[in-house]
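J.: Using the sequences and the hints given, assemble the complete structure.
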Amino acid sequence: MKTLLTTALAAGALAATALTGPAFADVEKAKALIEKYSKLPSFEAPGPAFDAKACMADKKMFVIPLTNANPFNAAISQGFVDAAEIVGFELRDWETQMDPAGWIQGINTAVAEGYDLIDLQGGLPPEFVQPQIMEARNAGTKVTATHNWDATTQAIPDFMDSAANTDYVTVGEIIAAWAIAQTDGNVNALVLGPDEITPTAPLRDAILTYLKANCPDCKATYINVPVTEWATKGQPAVQNALLADPTINYVLPVYDSMAQFIVPAIQIAGSDAKIVSYNGTPFVLDMMRDGDIVEMNVGESLGWVGMAGTDANMRLLCGLDPVTKLNTPAYIFTDANVETAGNPATFNDGYGDVHIEGFKKLWGIE
Amino acid sequence: MPAPTTTEGYEERIAALEAKLQVLEASVEQAEARRSWDWKDWLERYGLILAWIAIILVLGFFKPAQMFAWNSYASMLGSNAMVVVLTLALIIPLTTGDFDLSVASVMGLSSMLIAVLNVKMGYPIGGAIIIALVAGAVIGAINAFFILYFGVFSLIVTLGTGYFINGLILWVSNSGTIAGVSMDLVHAVILTRFLGIPIGFYYALILTVVLWYVFQHTALGRRMLFVGRGREVARLSGVNVNRVRAGALIASSVMAAFAGVLYTGMRGTADPSSALAFLLPAFAAAFLGSTAIYPGRFNAPGAFVAVFVLSTGIMGLNFLGVDSFVQNLFYGGGLVIAVAISQLIRGRKPMA
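Each protein sequence line maps, in turn, to chains A and B.
With numbering that gives the first Met the number 0 applied, the first sequence corresponds to residues 0 to 365, in that order.
With numbering that gives the first Met the number 0 applied, the second sequence corresponds to residues 0 to 351, in that order.
If you are wondering where the hints come from, they were derived from the structure by calculation, not from laboratory data.
Note that the structure is a prediction, hence the values are computed from the model and not measured.
You may find that some hints are simply not true.
Below, in silico cross-link-like pairs of lysine-lysine (BS3-like), each with a Cα-Cα straight-line distance of 27 Å or less [what the hints assert, rightly or not]: (1) A:K324 to A:K35; (2) A:K35 to A:K211; (3) A:K273 to B:K62; (4) B:K62 to A:K218.
Covered, in the sense of this in silico footprint (three residues per stretch, anywhere, with C-beta under 8 Å from a C-beta of chain B), are these stretches of chain A [as the list claims (entries may be wrong)]: (5) 218-230; (6) 282-294.
We put the beta carbon where it would ideally sit given N, CA and C, even for glycine.
T.: As structure tokens, then:
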């Protein structure tokens with residue numbers, strides 16, 4: 000009788016499961032994604048090979064970073080400079096301090112001095128300088144942006160000639176997958192981001208969507224904290240969220256620089272939550288190496304980003320098939336490999352340097 | 000405005016002035032005591048504390064589990080230590096009639112100097128802190144030099160020096176954030192707790208008491224108030240106005256540098272820009288605090304309470320899960336309304 004009852008209950012449970020769908024997290028899928036991006040990046044050519052020296056012989060490029068006072072942008076600019084040196088064309092890296100006046104002056108200078116292409120690099124919002132972009136294009140200068148929009152969910156506006164975009168969706172998915180894999184599908188995440196920054200939306204949505212789709216029991220709350228208020232609002236927001244819900248086990252800021260305000264919030268609130276984030280910013284990798292709160296960080300070689308941006312720009316200038324997605328792969332840093340990023344960490348170490356040889360070969364330079 | 004060159008009779012004149020003032024204050028107090036209990040006066044003094052209690056009760060009605068939990072307050076008190084110290088730094092020159100807009104920059108510079116010296120250059124943390132505090136004193140002296148020697152308005156001088164310091168911070172840090180500051184400092188600021196509250200809070204509390212004592216119970220405090228209320232009158236009475244103003248500016252910068260020590264200790268990290276965002280909350284707390292405890296004067300206990308009234312509101316709004324912009328409405332709107340109500344009670348007399 001007991002066996003019969005058990006069988007009946009089991010059958011009932013099975014039927015209920017069949018009706019509602021499996022209520023289990025797809026931990027295996029998450030682990031597979033983690034494994035894929037834990038491997039050292041390999042070089043995949045973004046397009047067919049071409050003779051870069053010949054096509055760039057009479058052309059010059061002008062790069063305007065969001066700001067030079069940010070090591071992130073400085074590292075990308077260095078990638079552009081290195082690429083121009085390898086190919087042998089004139090490239091100017093404009094000095095700016097995150098001021099629209101400086102960006103506008105840069106565009107005007109590029110047009111006046113007859114540059115063939117202007118690249119708004121690393122998050123400089125082209126919308127802010129749309130009239131100047133139109134003017135530049137009317138004068139025959141091509142205008143593009145590197146590492147600003149998402150490659151799949153955001154369209155390049157019509158007022159731009161092109162753009163070399165980043166796969167932010169995959170980055171967001173890796174972050175969410177990590178939390179699922181580490182907790183066996185019991186994630187209670189606090190996701191943070193500054194909504195005013197262009198890549199926040201794809202990163203934020205990818206994290207939240209992946210958690211929802213692959214982990215029915217996982218919980219996630221999102222808080223918007225503008226960049227200028229990370230210190231004054233970010234820390235109290237995280238601290239109070241952890242006090243309100245002590246079961247939060249992951250804090251997922253979409254940009255890792257926020258970690259400096261989240262670590263004290265976690266410590267003061269007496270929480271065990273871990274931080275997982277994106278950007279591979281050196282000081283955050285240092286925090287990972289020296290402490291236990293930053294658990295994983297998705298990075299990308301910024302020198303590679305600069306070279307990939309140069310590649311896309313050269314193709315645009317030379318009339319080749321356009322490349323709108325940077326081929327810079329995401330790479331996972333944890334305690335296991337953080338030493339490879341250097342001590343103190345840098346923006347370029349730890350990723351290997353297959354891209355240098357890869358691009359040289361692609362551009363016909365040996 | 001030349002300072003009196005002779006000190007002959009100076010202390011006597013000051014002592015006589017203070018004696019007169021004490022007699023005057025005593026007679027006013029007696030007159031006040033003779034009157035029946037003045038509810039307006041009481042409400043003005045303690046209105047902010049009542050508002051604090053009201054905020055806790057109203058928000059507690061919606062979120063009792065969090066708003067009535069000691070742990071929430073312990074965390075909130077511990078994480079605002081540097082804001083209290085920065086606010087105290089502001090009220091010193093405000094009392095002597097000068098604005099110091101460079102305090103947040105000094106806090107940022109001190110924070111970054113500690114990180115650069117300790118992490119990049121291998122200085123012991125104690126030495127790094129002392130250098131940061133000395134740097135604060137030097138900046139205070141530079142502010143005082145330009146304000147007093149050239150007679151430039153303090154707002155302009157400190158706006159300029161603040162901007163200059165921001166450049167210095169970017170230069171010494173190579174525009175980057177530096178992590179890995181000695182854990183000894185982190186332990187000395189947030190990881191050690193007393194009654195559940197991170198110990199940084201008690202440093203802020205001690206400084207508040209010290210400043211309260213200096214302002215309320217010492218001749219120096221009274222001289223500072225004279226200078227702030229009327230420089231010319233103070234000068235004619237024999238107060239060395241320049242010395243008092245210079246001292247206040249230097250003390251302000253050293254205090255701001257100490258806020259930087261706490262800021263670095265809280266995070267174990269220093270970055271080139273985030274400290275600047277604390278200027279507005281500190282000003283808000285300084286002015287809100289001047290409406291309470293000793294209304295009409297910038298005062299340390301008022302500033303202390305004001306910081307925590309504002310952060311209690313923010314904490315409650317966080318618990319309620321309201322959008323980020325509501326916090327701005329609360330901070331900005333709350334400040335203007337609180338100061339306006341206080342003025343209404345005082346019969347719209349101009350604030351000092």
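J.: Need the list of violated hint numbers for this structure, in ascending order.
T.: none
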